[in-house]
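Chemist: Chain by chain, the residues run as shown.
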Amino acid sequence: MREDNKIIFTGPVGVGKTTAISALSDIPIISTDAQASDMTLNRKGHTTVAMDYGVLKLDESTKIHLYGTPGQERFDFMWDILTTGGLGLILMLDNTRPNPKKDLHFFLHAFKEFIADVPVVIGVSKTDVQAQPQIAAYVNMLPEVTADLRMLNPIPPIFEVDGRNKDDVKNLVMALLYSIDPGIGDQL
Amino acid sequence: MTKNPSNSDSILVRSIGMDARKEAVFRMAFKMFTRRHYQLLDLGDTQASAVTIIDVDGAEGMAIAHRLHGEQPEQRILLTSVSPQADSMFPVLQKPIRMETLFPALELLLNSSPALGKPAGRSSATVMPIRPEVAIPALSTPPAPSPAAATPSVSKPGVAPRPAPLLRPEEIRHFNPQAGLLGLLQVIRRDQSSAIIVDSQQQVILRLDPMADQAILLSDDEHLKSLAREEYPRLQMRAPNNTDVPAHASTRRLTLQSLLWQMGAWTADGRLSQNLQIHAPVQLKQWPNLTRLTMLPDALRLAAFLARSPASPALTVKMLRVEPHDLFNFLAAADSLGLLRYNTAENPDNRIQPVAPNAPMPAEIPAAKRSFLGRLLARIAGL
Numbered sequence: 001m002r003e004d005n006k007i008i009f010t011g012p013v014g015v016g017k018t019t020a021i022s023a024l025s026d027i028p029i030i031s032t033d034a035q036a037s038d039m040t041l042n043r044k045g046h047t048t049v050a051m052d053y054g055v056l057k058l059d060e061s062t063k064i065h066l067y068g069t070p071g072q073e074r075f076d077f078m079w080d081i082l083t084t085g086g087l088g089l090i091l092m093l094d095n096t097r098p099n100p101k102k103d104l105h106f107f108l109h110a111f112k113e114f115i116a117d118v119p120v121v122i123g124v125s126k127t128d129v130q131a132q133p134q135i136a137a138y139v140n141m142l143p144e145v146t147a148d149l150r151m152l153n154p155i156p157p158i159f160e161v162d163g164r165n166k167d168d169v170k171n172l173v174m175a176l177l178y179s180i181d182p183g184i185g186d187q188l
Numbered sequence: 001m002t003k004n005p006s007n008s009d010s011i012l013v014r015s016i017g018m019d020a021r022k023e024a025v026f027r028m029a030f031k032m033f034t035r036r037h038y039q040l041l042d043l044g045d046t047q048a049s050a051v052t053i054i055d056v057d058g059a060e061g062m063a064i065a066h067r068l069h070g071e072q073p074e075q076r077i078l079l080t081s082v083s084p085q086a087d088s089m090f091p092v093l094q095k096p097i098r099m100e101t102l103f104p105a106l107e108l109l110l111n112s113s114p115a116l117g118k119p120a121g122r123s124s125a126t127v128m129p130i131r132p133e134v135a136i137p138a139l140s141t142p143p144a145p146s147p148a149a150a151t152p153s154v155s156k157p158g159v160a161p162r163p164a165p166l167l168r169p170e171e172i173r174h175f176n177p178q179a180g181l182l183g184l185l186q187v188i189r190r191d192q193s194s195a196i197i198v199d200s201q202q203q204v205i206l207r208l209d210p211m212a213d214q215a216i217l218l219s220d221d222e223h224l225k226s227l228a229r230e231e232y233p234r235l236q237m238r239a240p241n242n243t244d245v246p247a248h249a250s251t252r253r254l255t256l257q258s259l260l261w262q263m264g265a266w267t268a269d270g271r272l273s274q275n276l277q278i279h280a281p282v283q284l285k286q287w288p289n290l291t292r293l294t295m296l297p298d299a300l301r302l303a304a305f306l307a308r309s310p311a312s313p314a315l316t317v318k319m320l321r322v323e324p325h326d327l328f329n330f331l332a333a334a335d336s337l338g339l340l341r342y343n344t345a346e347n348p349d350n351r352i353q354p355v356a357p358n359a360p361m362p363a364e365i366p367a368a369k370r371s372f373l374g375r376l377l378a379r380i381a382g383l
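From first to last, the protein sequence lines are chains A and B.
The opening residue of the first sequence carries number 1 in our numbering; numbering runs sequentially from there.
The opening residue of the second sequence carries number 1 in our numbering; numbering runs sequentially from there.
Incorrect hints may have been included.
To be verified - Only some residues are given here: those of chain A computed to face chain B with a beta carbon under 7 Å:
(1) Phe-106
(2) Ile-155
(3) Asp-168
(4) Val-173
(5) Leu-177
Simulated from the structure, these hints should not be mistaken for lab results.
Small disclaimer: the values here were computed from a predicted structure and weren't measured.
Note that beta-carbon positions come from the ideal geometry of N, C-alpha and C, so glycine has one too.
Could you build the full structure based on these sequences and the hints that come with them?
Modeler: In structure tokens form, the structure reads like this:
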């Protein structure tokens, strides 16, 4: 089996990508954090400038690489390099951001070539802080947001998540794997 | 002085014209690549590099590359740019840079003569500009599945699959989702008006506020479960007032969606909704919000399967090898939240939607990858 199996976590600054990767990784997460120097400062003191990296080991020779993209939009040039060999995309959205629909549109389009070939799952965080929009509202946004996209899974999972909750993160990843092949679970 | 890459453990690479963030991406890419060990030199490191990668989109543009070439004619140079550089004497990686183009380009460069082509004429060793190869999925139209026999793409099971459960249509029991406690809850959800549900002794069981998606439970799970399984329980629904829930009462709070989901599964109790037929297709309009609902057996894989394309309950049992009672409970729970499409004369708006003709079809999963995915799934589940 190839060693370049990757799961990509993306989403805006402060949504919890780094925490989510930490929940899965067998190694201490490698973060290229730096002091935030722009609008990001309003949301958190440090931010992921390049990317986060974690590893989930299946055995000595088989690893799943977990990558978190930088949240700031100006770093989108970096994302293509990550997606080769990717199993799927986990998009995390922050319900407290001023315009989650814009974020949904931005990130799905930023990865439009990737998600034509692999599934995407969407986790909405901080719904305990800001209840609106509800999950149903995101579902209603999707047809308009994805009208010009070809997605492998046009009806993606959209779950409320808390990146600090391991079960939430596990369910996101399991939904991603089942979206690749719902038949895999029959061996469990 | 150019280092000979074949005699070195590390292939030293210098970057020019890049900020720290771009360099971090290259460092990570080099870390991920295991066939050869590339190392990006830090600023100020005076070791000789085997290759220099120059970003020519900055203010100085190509002038940096030409200057370096003038100073170190033997230095191997790879350019990166958002624009094609048709007249470049150096190989160019067009942005966005991808792993599958970066490393072949570096290999070609390292295997070529250090003195790259001069403007007068390129040698055969010259690495030509490389464009990123974007994989565009084939637009071939898959054969349209017939509504009654839609067969979602699911790979054949790998090693040691579950035995296929037996499904005898004559043994299937049905229930009426419009009756009983579930029926009352459906009315409240549909009407979006607050209500309480009381039993025959006028004891409050539930107080419901659909606008706020809130349910206050004044009864324990066992009692609710037993009520759910009665087709004609003596229950009444009425408008709430301020004295319905005494201050000292023991209550629990759930979202109304969580309550509906759970009541749907309890009410089904292994039976198929009489709204559904065993050989007629059903389809999920959307995934249930499974991180905030009771996780029913096989719910994630059932959701993945039924969100992908329509399938009948019989086909779902056959393809996923799920127990029929688990499938029926899942279908009842999903239907209680209005998440299912199926064809009925009563509700034409809820008809199965045809698969878009240009929708990408999931590829057949090779057995090795399927085995790998199964192992990964087990690993995640066990965390």
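Chemist: If a hint holds in the structure, say so; if it does not, say that too.
Modeler: Right, here's what the structure says about each hint:
1. Here the hint on Phe-106(A) is broken, as its CB sits about 16 Å from the closest CB of chain B, past 7 Å.
2. Proximity of Ile-155(A) to chain B holds as hinted, the smallest CB-CB distance being about 4 Å (cut-off 7 Å).
3. A cut of 7 Å between beta carbons decides the hint on Asp-168(A): the least distance to chain B is about 5 Å, and the hint holds.
4. Taking 7 Å as the C-beta contact cut-off toward chain B, the hint placing Val-173(A) at the interface holds, the least distance being around 5 Å.
5. Interface hint status for Leu-177(A): upheld, as the beta-carbon distance to the closest one in chain B is roughly 5 Å, under 7 Å.
Violated hint: 1 only; the structure is consistent with all others.
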